[in-house]
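Engineer: Residue numbers are given in my numbering: position 32 of the sequence shown equals residue 21, and the series is strictly consecutive.
In case anyone wonders, no lab produced these hints; they're calculated from the structure.
Where a beta carbon is used, it is the ideal one built from N, C-alpha and C, also for glycine.
Among the hints, erroneous ones may be present.
Subject to a maximum C-alpha distance of 20 angstroms in a straight line, what follows is the list of computed DMTMM-like cross-link-like pairs (lysine to aspartate or glutamate) [stated by the list, open to error]:
| no. | residue 1 | residue 2 |
| --- | --- | --- |
| 1 | K99 | D39 |
| 2 | K99 | D63 |
| 3 | K99 | E51 |
| 4 | K29 | D39 |
| 5 | K99 | E52 |
Between beta-carbon pairs, the in silico distance windows are [stated by the list, open to error]:
| no. | residue 1 | residue 2 | range |
| --- | --- | --- | --- |
| 6 | D178 | K29 | 36 to 44 angstroms |
| 7 | A62 | R22 | 41 to 49 angstroms |
| 8 | H86 | A62 | 18 to 26 angstroms |
| 9 | F57 | R201 | 20 to 28 angstroms |
| 10 | I205 | L147 | 26 to 34 angstroms |
| 11 | F57 | Y206 | 43 to 51 angstroms |
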Amino acid sequence: IMDGRTRAAGAVAAATATRNPVGLARAILDDGRHVFLAGKGADAFSLERDLPQADAAWFATEERRRQFAEFQADGGGFDVDMKYGTVGAVACDTLGHVAAATSTGGVTGKRWGRIGDTPVVGAGTFADDRACAVSCTGSGEFFLRVGVGHEIGARVRLSGESLQVAADAVLAEVKALGGTGGVIVAGPDGDMAWGFNTVGMYRGRASSEGSRTVAIYANEPA
-10 IMDGRTRAAG
0 AVAAATATRN
10 PVGLARAILD
20 DGRHVFLAGK
30 GADAFSLERD
40 LPQADAAWFA
50 TEERRRQFAE
60 FQADGGGFDV
70 DMKYGTVGAV
80 ACDTLGHVAA
90 ATSTGGVTGK
100 RWGRIGDTPV
110 VGAGTFADDR
120 ACAVSCTGSG
130 EFFLRVGVGH
140 EIGARVRLSG
150 ESLQVAADAV
160 LAEVKALGGT
170 GGVIVAGPDG
180 DMAWGFNTVG
190 MYRGRASSEG
200 SRTVAIYANE
210 PA
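Assemble the whole structure, with the sequences as input and the hints as a guide.
Structural biologist: Structure, rendered in structure tokens:
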């Protein structure tokens, strides 16, 4: 999670028992001493802050069990084509402050200890009032290599590109390297954009004026 007004951020990886990892990331941001906690240290901090906990069974949905069984049946190879389970949000308030938050369980079949782009500030999550807020989903290794979130923000702030132009350009870089995925972007003026180089991306937007839009595929109105 990242606050575009101050560029304060909180991130967590390899937590094992916190029900809502973004809540833990927010607690890290609010604490202010560190930006990124992982593993046992993240679990301990979560307990210190009395955040809701759960055992491993609570996190295992039937769909994820099915995906894992399919992965095992196919020989256990790393599956880059598995649907991503990332959930992200970007927002702009009435004062022009932007923020972003992203959460994921990671890609099926990853090596233990692997960390993707989601918790990495500037890769999967980024916010800066001078530019925009970005939340990403996709093949994390490529999003890390490109630094997608920060790259979009830099193009907006330094080159004056629109949110859509910047998002499309950076996703083209990801695609050129062999990666797939998408982004949602919010600017301090209330403008919003999204882009993806896959068949579809579940997405939606809402405004304080009551407008609501949801879509999946590229040809749907946004």
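Engineer: Against this structure, judge whether each hint is valid.
Structural biologist: Here is what the structure says about each hint:
A C-alpha spacing of about 30 angstroms is found between K99 and D39, which places the hinted pair above 20 angstroms, so the restraint is violated. Taking the CA atoms of K99 and D63, the gap is near 14 angstroms; set against the 20 angstroms cutoff, the hint holds. Distance restraint check for K99 and E51: the Cα-Cα separation of roughly 19 angstroms lies within the 20 angstroms cut-off, and the hinted pair is therefore satisfied. With a C-alpha separation of about 15 angstroms, the suggested pairing of K29 with D39 holds against the 20 angstroms cut-off.
Distance hint between K99 and E52 is fulfilled; the C-alpha atoms sit about 17 angstroms from each other, no more than 20 angstroms. In this structure, D178 and K29 meet the distance hint of 36 to 44 angstroms, their C-beta atoms being roughly 42 angstroms apart. Taking 41 to 49 angstroms as the suggested C-beta distance range, the pair A62 and R22 conforms, at roughly 45 angstroms. Taking the beta carbon of each, H86 and A62 are about 48 angstroms apart, not inside 18 to 26 angstroms as hinted.
Between F57 and R201 the beta carbons are some 34 angstroms apart, a value that contradicts the proposed interval 20 to 28 angstroms. Distance hint check: the CB atoms of I205 and L147 are about 33 angstroms apart, consistent with the given range 26 to 34 angstroms. Range check, F57 to Y206: about 27 angstroms between beta-carbon atoms, so the 43 to 51 angstroms window is missed.
Hint compliance for this structure: hints 1, 8, 9 and 11 are broken, all remaining hints hold.
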